[in-house]
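Below are the chains, spelled out letter by letter.
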Amino acid sequence: MQAKLVPKMALGPLLYYWPKEQIQDFYQQIAETPVDIVYLGETVCSKRRTMNYEDWLELAEQLRSQGKEVVLSSMTLLEASSELKALSRLCKTEGFTIEANDLGAVELLSQAKRAFVSGPSVNIYNHRTLQFLAKQGLKRWTLPVELSKTVLEDLQKERPSGMETEVFVWGRLPLAYSARCFTARAHNLPKDDCQYRCLDYPDGLRLRTREADDFLCLNGIQTQSAMTCNLLDEIKSLKRLNVDVLRISPQSHFTVKIIEAFDAVVNHQAESSTFREQSKRWALSGLCNGYWHGEAGMVQS
Amino acid sequence: MMELVCPAGNLPSLKAAVDNGADAVYIGFKDDTNARHFAGLNFNDKRAGSALQYARERGVKVFVAINTYAQTSTFKRWQEAVDRAAGLGVNALILADIGVMDYASERYPDLNLHLSVQASATNQAALSFYHRHFNIRRAVLPRVLSIKQVRQLAEESPIPLEVFGFGSLCVMVEGRCLLSSYTTGQSPNNYGACSPGNAVRWQEKPDGSLETRLNGVLIDRYEAGENAGYPTLCKGRFQVNGNTFYAIEEPTSLNSLSILPDLQKMGIAALKVEGRQRSPAYVAQVTRVLRAAIDSCHSNPDTFQAQPAWLAELEKVSEGAQTTLGAYHRPWQ
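For the record, the sequence lines run as chains S and D. Mapping of the first sequence onto numbering that gives the first Met the number 0: position 57 corresponds to residue 56, and the numbering continues sequentially without gaps. Mapping of the second sequence onto numbering that gives the first Met the number 0: position 37 corresponds to residue 36, and the numbering continues sequentially without gaps.
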């Protein structure tokens, strides 16, 4: 049997809302990192427009010319018909693969006979779903974040030939989406006059229990874990399970260092334990890996 | 006329729904194949058979919810649930998982399939996907759309739509909320329950206050005398920017009586009541009120008004008698 190639590294879509200049500076730094795949685009809120479609496309061209494989990410929760229209335009973009984050995108891409990838909010929980979507053009899928390595192992045994598997390995976990904007709510503002308060929270707005324990993170209409999922110690099992792509989720600080740490462990035989202290500093409210081990997501084992 | 679809967690609830005017009742089997996988709830084969007979003799349909997400190692259980429901001759299956739909539509091409709210289809393209591949005959819409968005979707949808009329409210788009498994390991998708009872702790403090916890996480704290609610984790009070309030959602129920004429006008096929986990008394009461409201709206759509007596009845069974920090937040949408 041929030796398995090492997994590629991907930078997931930016889940937060930053000023345009910050976004552009950020991706200039990313261009210099060993990350192989870069996901670009707004996936959370259609009101976030510091970067419009053309800006994202320009950035995509630029990163591609710098040697990155670029995937354009689509919105997760589609409600208004204007959002569906924007999705339709994105799905017609030539030259780039599209990441579907809703079955609406799956429908548009499969109708257009375009190969596509799926993000963690597309519910692929079993082999039959994976096989069905493969027939619709799915070429790479991302494991839903609540699923464990045991579930993944079963799925990997039955995955269609040529299908690539991606796993979310670093970042605050995307957990829920709502029609309601929790960031606006926390400021006593209606959603339709949110004053773009997400700009004030480059890594989301922390939600604590009444005992002041960090619990969740509000990011507009998205709710994330407060704790950062970290699978740096799990690279061996990710390799053993033939995972093709490891997804790191962007944050306002340390993203380059996080990519370098994963690169060192994945590609250069570094021990993950050498990064243990640093990774605690890179996380915003502590670390967790419970989902991977089949436990509550917030658990760190 | 809009069909009234009511919940039943057991045979007495099913009878209550049927006797009080439901057009259809939805039930689940006794395992994790449905999104109300609670101890003591749901139907074994024998009970399901009795339920079906009772409903059918009175001209009421029965739907079976198989609306959680199957995993590879346990896929067979979902397959068997589909087989059992098909064998019983139920009027429709309510499904969420693509793999399960693929199985059901291939094995039983004539079976009526409904798209569960847990499938999370909020737009025309997603509905078209399910319609094209699995011949879905009706879709239940997630509770994230404004009335304007529902109207638009009703115009464009390739399939008839069912919307929620009354019951506890999910503020997150259904089928894509993992808050419960993040906290407890169990979610609607992977287990069929949100904020599951086995993770709940009620702790009374010496000063008379009460704390509610979910797998150790403090969801809320109630002063002595304050009405305490079940610790559904999105309905607790939390701290954000130093303020303590219902940061995600207040304990509250959805009530769409006032927009019934709009829903009717836009051609919504059915109105759903939430609450398979609730008592037969709840089912009877809510079914009775919604039956009266739908009938009244049907006869006089232009002059329809929700009667104060109906609203009072519904309020009695609504979630959350607690106060909120309402002045801090404005209503959503």
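Some hints could be false.
Stretch by stretch, here's where chain S covers chain D in the computed footprint (C-beta under 8 angstroms, at least three residues) [as the list claims (entries may be wrong)]:
#1 32–39
#2 86–94
#3 113–121
#4 209–222
#5 281–290
Partial chain D-side listing against chain S, Cβ under 8 angstroms, derived [to be verified]:
#6 D101
#7 T182
#8 F303
Treat the hints as calculated values from the structure; they're not laboratory data. By construction, the Cβ of each residue, glycine as well, lies at the ideal position given by its N, Cα and C atoms.
We went through each hint and held it up to the structure:
no.: 1; hint: 32–39; verdict: violated (count 0)
no.: 2; hint: 86–94; verdict: violated (count 0)
no.: 3; hint: 113–121; verdict: holds (count 4)
no.: 4; hint: 209–222; verdict: holds (count 6)
no.: 5; hint: 281–290; verdict: violated (count 0)
no.: 6; hint: D101; verdict: 5 angstroms, holds
no.: 7; hint: T182; verdict: 6 angstroms, holds
no.: 8; hint: F303; verdict: 26 angstroms, violated
In terms of the numbered hints stated before, the structure departs from hints 1, 2, 5, 8, listed from lowest to highest.
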